[in-house]
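Trainee: Listed below are the residues making up each chain.
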Amino acid sequence: MAEDSLRSDPRQQGAVLSRDVLLKRLREDIVVSPLLDEGKQVGEGSIDISLGTQFILNRSSELSTLDPIELTARDIRKFQHSRVVPYHDSLTLHPGSFVLGSTLEFIKFPTDVCGFVLSRSSYGRAGLLIATATYVQPGWHGCLTLELENLGEVPIMLRPGLRVGQLVIMTSVRIEQPRLRDIPCGPTFRGLAEDERWKKLRQNFPRAK
Amino acid sequence: MDSLDAKTLSDAVKQKLFGLQQLVTDFETVLIHPTCEQFIKGIRLLLEAVEESHQQWLDELPSGPEGEEHVKTVSKICLSILANIHSEFLPYLDSSAQQTSYLLLPTLTKAVDTFRGDATVELALVPQFEYTYGIAGLPQFAKLEINKLDYTDEKKKTARLAAAAALPSWTAFVSYPMVEKNSALNLAVVSHELAHLVDFIKELYKPLVPQKLDEEAFKKLIEEASTALEAAGFQVGPQLKDRIEAEYYKDCVQMVVSWLKEVIADIIALRVLGPAYLFSFLEFLAHGAFENQHDSEHPAPARRLKLLIDELSSMNYFKVDTGVTKQLQAIKTRVSDEAKTTVYQQHALVADKTLETTLDSLLTNLRKFCSSISYTAERYRDEVPPVVRLIQQGIAPIETCSAEPKAVRTPSPVVAVLNAGWEVYKVGADEFSKLFEEDVSKSQQVVTLNHLLFKAIEAGELLREWQKTV
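Chains as they are written, first to last, in our numbering: chain A, 1 to 209; chain B, 210 to 679.
With the rest of the complex left out, here is chain A (with noise of 0.2 Å):
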């Protein structure tokens, strides 16, 4: 089917683009950069994805339970901590770990396509989860933040550069471009969102006296 069909016929929504689709809307309006090694990163219906160099660790020792609810920015500062690791060197993700880190590449979604991060399926195999948050929704800006979790047994290596997801993209239904509040270009993490809804059922079903 012809691209722009595809862009425009409601019932191709939710379509994964194939190889050729991303090669072409890859130089006129979905951004991946830098995209070292087009030739090998973009397959059919997904472009991999690289580790960066910016990490985001946690202290446990300094919380004692992650409540949703009571969390404060404060908390958030005093229990994470950034790390940068250049190029050569590595950070090791020991079983059972979890770090944020983010995308080499720097991501723009133009409003017509979104997409899901997925593990590629060699370091997934090894035991290394990067996304939990995997979807990316259209007219995105920035670098994806990944969580890096090591689910094996034996401690992984992470390697900025190294191609360990993959963006599946498809198309969607054209939406007005969000305004932004930021566009991250490293691992963000601010805190879980307000619950206002929680907060009117605790109201309305106080603890016992």
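Hint data in this document are derived by calculation from the structure and do not stem from the laboratory. Check the hints yourself; a few may be wrong.
Derived DSS-like pairs: lysine-lysine, alpha-carbon spacing no greater than 27 Å straight-line [stated by the list, open to error]: (1) A:24 - B:677; (2) B:615 - A:24; (3) A:108 - B:615; (4) A:40 - B:677; (5) B:643 - A:108; (6) B:615 - A:40; (7) B:415 - B:615.
Pair by pair, the computed Cβ-Cβ distance ranges are [to be verified]: (8) A:198 - B:253: 52 to 58 Å; (9) A:122 - B:530: 49 to 55 Å; (10) A:88 - B:639: 38 to 44 Å; (11) A:94 - B:326: 56 to 62 Å; (12) B:576 - A:132: 30 to 36 Å; (13) B:326 - A:175: 21 to 27 Å; (14) B:542 - A:67: 57 to 63 Å; (15) A:124 - B:677: 28 to 34 Å; (16) B:425 - A:88: 55 to 61 Å; (17) B:570 - A:86: 40 to 46 Å; (18) B:227 - A:73: 37 to 43 Å; (19) B:231 - A:81: 18 to 24 Å; (20) B:676 - A:122: 23 to 29 Å; (21) A:37 - B:238: 33 to 39 Å.
If you want a taste of the chain B side facing chain A, the calculated C-beta under 8 Å gives, among others [to be verified]: (22) 310; (23) 604; (24) 607; (25) 616; (26) 619; (27) 661; (28) 663; (29) 668.
The C-beta atom is built at its ideal place from N, Cα and C for all residues, glycine as well.
Given the coordinates of chain A, assemble chain B onto it according to the supplied hints.
Mentor: Coordinates of chain B only, in the frame set by chain A:
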């Protein structure tokens, strides 16, 4: 101090050595590898040399008062070197641990590599709390310190000196205000400090130092000084006048050389960075709330700005239309007005008049030196607009892609990225702010702009290196 015996001094050396070795290890663990890698190697080498030479004397000296006296002397030399390491070198390691989240050092090192010739340089960025930028260049620091050590076995000293010679010939620390560590825009002024480093290494200033001071201004200075002394009741005879002249001559020459080095660094930085240097320098003057006053090291800011504007003019920035032409015109007017009212007196007048005599040859030499890398208005016109367009779309301008059918991806030049950043900040801020929700403050938007620039510089460097391999 005679109250201290040989054993106390000798034990102090051992204790201090141990403490310093531990400190170096502590710093090493927090520094992003390879920050200060060679510098740390040099410090370790120095500590080992101190330990070795000290131990040699302890092992070989006879007991008795004469031996004790020598141990005291040797220990004191060792302690003074260790004190130097503690107070002069380790603060750099401490400051180096505080860096931006982006890898800028490869880009800065590459910039210096363009000019350094045969010299080898290890560069480190050291944020500090004083609102100034500066550079400290240590030429072969380990070799210099090891030479101070007294060895019983000269062969061992020679071996240590050989190891020190393998270290970079220059270790340079570029300091900048801590508050600017997340501002790519403002850190552009670091180019001035790197230009100083190039000047140190290449000794550009040496042939440019004027042969003599401006006679009229110097004569006036001496007359004023004599009159002031006479008014204070001194009788100014020929001998005293000679002494005044000698003293003032030395001070004036020192000032001329310092000012000359500043002018050289300004011109090189401007030639390399174009308007981005002027804008970042103005921002530095604004943030530091500096007045238009000279000091013994620097000419008055308005005079420096006037030189920069004139140099931009010679780089065609007032002939070729660029995105910042209007801003440059406005700065030119303000600077011309203030430069006219800048009045120098005494030593400063001598320095200013003297430099004026050499300015033409100075500029000719520097233009020749920078000829291959000058960021002329024509280059700005060709390279900056595509980068600006990317930023205005909220994209980190890592690379630009040429039009179909070739669609070649080219890493954005660092200088174009910085100039585009300044253009967006100065001219296109309203357009840029359309990307954001209404309640996102302007300051927050500038933070984002800086992140985009940093990301572009870091990833652009990676792309350039990658392209060399394919």
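Trainee: All the hints need checking, so say for each whether the structure fits it.
Mentor: A quick look at each hint next to the structure:
no., hint, verdict
1, A:24 - B:677, "holds, 25 Å"
2, B:615 - A:24, "holds, 12 Å"
3, A:108 - B:615, "holds, 22 Å"
4, A:40 - B:677, "holds, 17 Å"
5, B:643 - A:108, "holds, 16 Å"
6, B:615 - A:40, "holds, 18 Å"
7, B:415 - B:615, "violated, 49 Å"
8, A:198 - B:253: 52 to 58 Å, "holds, 56 Å"
9, A:122 - B:530: 49 to 55 Å, "holds, 53 Å"
10, A:88 - B:639: 38 to 44 Å, "holds, 42 Å"
11, A:94 - B:326: 56 to 62 Å, "violated, 46 Å"
12, B:576 - A:132: 30 to 36 Å, "violated, 57 Å"
13, B:326 - A:175: 21 to 27 Å, "violated, 56 Å"
14, B:542 - A:67: 57 to 63 Å, "holds, 59 Å"
15, A:124 - B:677: 28 to 34 Å, "holds, 32 Å"
16, B:425 - A:88: 55 to 61 Å, "holds, 60 Å"
17, B:570 - A:86: 40 to 46 Å, "holds, 43 Å"
18, B:227 - A:73: 37 to 43 Å, "holds, 41 Å"
19, B:231 - A:81: 18 to 24 Å, "holds, 22 Å"
20, B:676 - A:122: 23 to 29 Å, "holds, 26 Å"
21, A:37 - B:238: 33 to 39 Å, "holds, 34 Å"
22, 310, "holds, 5 Å"
23, 604, "holds, 5 Å"
24, 607, "holds, 5 Å"
25, 616, "holds, 5 Å"
26, 619, "violated, 11 Å"
27, 661, "holds, 6 Å"
28, 663, "holds, 7 Å"
29, 668, "holds, 5 Å"
Hints 7, 11, 12, 13 and 26, counting from the list given before, are not met by this structure.
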